[in-house]
Amino acid sequence: MGTFETLGLKQVVKTTEETLTVDSDHATFKLLSESDFAPYRETCKFMYIGLIQVAFKPLTLRGFLESFIVALRDGRNKNWKKSLIGTVQTSLAYGSVYFNVYPNLQISLTDENSLDALILSIKLHGYDCMPGTEVICICYKIYYKPIHNLNPMCRMMDFKNKTILMETNFCRSKVVTRRPIK
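Read the sequence shown against the working numbering and you will find it ends at 172, with the numbers running on by one and no gaps.
Do not take every clue at face value.
Each pair of labels, with its calculated beta carbon distance range [as the list claims (entries may be wrong)]:
id : residue 1 : residue 2 : range
1  : Thr33     : Gly53     : 27 to 35 Å
2  : Lys113    : Asn139    : 35 to 43 Å
3  : Val2      : Gln79     : 29 to 37 Å
4  : Val2      : Glu102    : 20 to 28 Å
5  : Gly53     : Glu102    : 40 to 48 Å
Hints are computed from structural coordinates only; laboratory data are not their basis.
The C-beta atom is built at its ideal place from N, Cα and C for all residues, glycine as well.
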């Protein structure tokens, strides 16, 4: 955990591991919980989320071509396409898959829907296992910082007249993240 002593603010890293069981072909996880926000509700008004790292690790034998698709999204938005932060379509046949997303997201701690700001939706394909079998381990880290106010000049990202790079690695998976070219 890094400390910004001049501002009196702390950067917090939340690390979690969960397993996905085969009870149905889809699952949804809320990545934020009340315990993440509770210590900061009295002293801060906002939360800045800078980085989300997600790893998918197989809990089955290697070489099988089962696949899955994952959507990291802002669950507060009712429009599915507009709520997408990042997507992955891949197989764990050859090992673990990792992806990073830099959402540059600010959340109000007084918003009653703030816990729905980060949702991970997963759809399985081809997993033919007994019900209740755990097939994927999902590990994720969320880098966030509680802040007192939203100073518009503190982090300004203007993408006008700039090309946006879509970083993709098709050798292992179909991971797409948005990033401006410098």
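Hint check, failures only: 1
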